[in-house]
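S.K.: Model the full assembly from the supplied sequences, consistent with the hints where possible.
Numbering of the sequence shown is given in this note's numbering, commencing with residue 52 and proceeding in unit increments.
Simulated from the structure, these hints should not be mistaken for laboratory data.
A hint or two may mislead.
With a cut-off of at most 20 Å between alpha-carbon atoms, the simulated SDA-like pairs for lysine to any residue come out as follows [claimed, not checked]:
| no. | residue 1 | residue 2 |
| --- | --- | --- |
| 1 | K211 | P127 |
| 2 | K246 | G218 |
| 3 | K211 | G223 |
| 4 | K133 | E274 |
| 5 | K242 | G223 |
| 6 | K182 | R224 |
| 7 | K271 | Q146 |
| 8 | K114 | Q275 |
| 9 | K271 | E145 |
| 10 | K242 | E97 |
| 11 | K211 | A82 |
| 12 | K109 | S121 |
| 13 | K180 | P254 |
| 14 | K309 | A295 |
| 15 | K309 | S256 |
| 16 | K197 | T183 |
| 17 | K278 | C108 |
| 18 | K114 | E285 |
| 19 | K133 | V118 |
| 20 | K271 | A295 |
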Amino acid sequence: MKKVYALSLLVGMCASFSTFAASEMRYGVEAEYPPFESRNSAGELEGFDIDLGNAICKAASLKCTWVETSFDALIPGLVAKKFDAINSAMNITEQRRKSIDFTQPIYRIPSQLVGKLDSGMEATPEGLKGKTIGVLQGSIQETYAKEHWEKHGVTVVSYKDQNMAWGDLLNGRIDASLVMSAAGQAGFLSKPQGKGFGFIGKPVSDDTILGSGIGYGLRKGDEQTKKQLDTAIEKVRADGTITALAEKYFPGIDVSVK
Numbered sequence: 052m053k054k055v056y057a058l059s060l061l062v063g064m065c066a067s068f069s070t071f072a073a074s075e076m077r078y079g080v081e082a083e084y085p086p087f088e089s090r091n092s093a094g095e096l097e098g099f100d101i102d103l104g105n106a107i108c109k110a111a112s113l114k115c116t117w118v119e120t121s122f123d124a125l126i127p128g129l130v131a132k133k134f135d136a137i138n139s140a141m142n143i144t145e146q147r148r149k150s151i152d153f154t155q156p157i158y159r160i161p162s163q164l165v166g167k168l169d170s171g172m173e174a175t176p177e178g179l180k181g182k183t184i185g186v187l188q189g190s191i192q193e194t195y196a197k198e199h200w201e202k203h204g205v206t207v208v209s210y211k212d213q214n215m216a217w218g219d220l221l222n223g224r225i226d227a228s229l230v231m232s233a234a235g236q237a238g239f240l241s242k243p244q245g246k247g248f249g250f251i252g253k254p255v256s257d258d259t260i261l262g263s264g265i266g267y268g269l270r271k272g273d274e275q276t277k278k279q280l281d282t283a284i285e286k287v288r289a290d291g292t293i294t295a296l297a298e299k300y301f302p303g304i305d306v307s308v309k
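M.R.: As structure tokens, then:
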């Protein structure tokens with residue numbers, strides 16, 4: 052009788068643990084990329100991805116927690132089960148799909164070059180020859196710059212966080228930085244130090260490298276989390292949450308996934 056009771060107790064405890072585990076969503080995030088994610092003066096996480104992540108958790112009846120790491124460590128951290136999903140402005144690309152799965156695309160932001168307005172540069176291999184371009188380490192912008200520009204005499208420098216690139220742009224160590232346009236506008240151009248700088252040329256394009264939009268990274272085969280998050284994403288899209296947050300953080304930028 053005692054053995055049966057102990058076994059029943061153990062099963063009950065396991066069931067309770069599973070229910071608890073399923074009620075929490077641990078997001079992996081690189082918190083140095085405003086307006087997507089960063090820490091404010093009070094040390095609190097804020098930004099588009101933070102607000103959206105919380106809204107998606109609410110729609111799915113989940114408790115959000117956040118695990119910070121560098122951008123290039125997000126995929127290894129997900130695979131190692133340090134968190135359940137990557138929520139850090141990560142574009143869905145075929146290269147990344149080799150290592151992880153994704154939710155449906157949630158939004159899309161173009162990538163543009165930021166540099167001095169009087170530099171005479173153009174966002175082309177010919178227009179950047181001999182120049183030094185800063186990119187975020189592990190980003191699609193890094194992949195794009197190395198594939199399209201580095202082979203043509205452009206020096207590409209990778210940084211662990213975007214703020215380091217902005218610092219080097221200001222002190223002249225690099226000539227420009229390739230970023231998502233919203234990050235360039237909110238993280239640099241709209242600030243006092245961004246005076247005299249601007250977007251160079253039109254957004255760059257290469258769907259193979261730049262992807263089909265931004266979604267949440269998931270471990271291979273994690274169908275339960277994918278279904279849970281995809282359902283919640285549909286809810287916040289339908290109720291206008293994504294549009295409202297985009298207007299707040301990315302005014303004038305169409306973030307819709309086409």
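S.K.: Run the structure past the numbered hints and jot down the numbers of the failing ones, going up.
M.R.: Hints 12 and 20 are the ones this structure does not satisfy, whereas the remaining hints hold.
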